[in-house]
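*Asks:* Given the coordinates of chain R, work out where chain F should sit on it, guided by the hints.
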Amino acid sequence: MSLFDVFNVSGSAMNAETIRLNTTASNLANAESVNGDATKVYRARHPVFQAVMNSQMGLDDAADASSGVRVMGVVESTTPPVQTYEPNNPLADKDGYVYSSNVNSIEEMANMISANRSFATDVEAINTARDLLLKVISMGH
Amino acid sequence: MFDNIFGIHEQALMVQGQRMGVLAGNLANADTPGYKARDIDFAAVLSQSQGDGALPLAATDSAHIILSGTDPASADVKYRNPYQASLDGNTVEMPVEQAAFSETNVRYQASLNFINGRISELTLAINGS
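In the order they appear, the protein sequences are chains R and F. In terms of the working numbering, the first sequence is residues -7 to 133. In terms of the working numbering, the second sequence is residues 237 to 365.
Extracted from the complex, chain R is given alone in its bound form (with noise of 0.2 Å):
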């Protein structure tokens, strides 16, 4: 365990974050996304991020006493999706009705602000490491 870990443990934050962050990119982009038939319109996903000890990333760390992330896998939201009565849409079914991606656009931008910040707090905390490891390189000097 030393500052090195710093930057696996970081890391591997900052991959995580980047799977929410094109999980909520892609929400975005289909929540206006209709279907005529319920089972196939698009629905929202979110990763499930879980905590992974330093000796499962190969490092060799005994006391497992920092710990990186990992996406355990991505979940589809069980919310259902949006009847609407468009008899004109194309894709319509037989009674006229279309369904809407089950999308929450607020709840989208709220996760993708969390993430940006938490993105944003690991790279401040591989440069403080890097700046550190650079003073001990440099110690003596």
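Any given hint could turn out to be false.
[To be verified] Simulated restraints, written as ranges between beta carbons of each label pair:
(1) R:T76 to F:K314: 51 to 59 Å
(2) R:L125 to F:T359: 18 to 26 Å
(3) F:Q334 to R:D87: 52 to 60 Å
(4) F:A295 to R:A102: 52 to 60 Å
(5) R:F(-1) to F:F238: 26 to 34 Å
No lab work stands behind these hints: they were computed from the structure. Even for Gly, the Cβ is constructed at its ideal location relative to N, Cα and C.
*Replies:* Just chain F, lined up with the frame of chain R:
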């Protein structure tokens, strides 16, 4: 004469570096459900590594388990008591962690400065000018 020229700062650097890794882990897991924030009690670890704490038990058999704490390289990591735990079981509180991180940063640099000062003192003594 030269076995302890840097005094406490040699161990302090090690423990602060370790603490920084633990705090980086907390910052990294700020959005992980169920993650429990951890920290190192710097004063406790340092006093143990200085031998000020209780006398350690001697390990006279290979089956004896040596408690951590006497060795600064494997300091005790304890769970943090959150001011207000979140619903998903995560106990990382960003402002607390960021404050602790920058405090560790300053303390690390302070120890480095002391060591650097000691080195220049000794260089001055050696060179005599």
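*Asks:* Which of the listed hints are not met by the structure?
*Replies:* none
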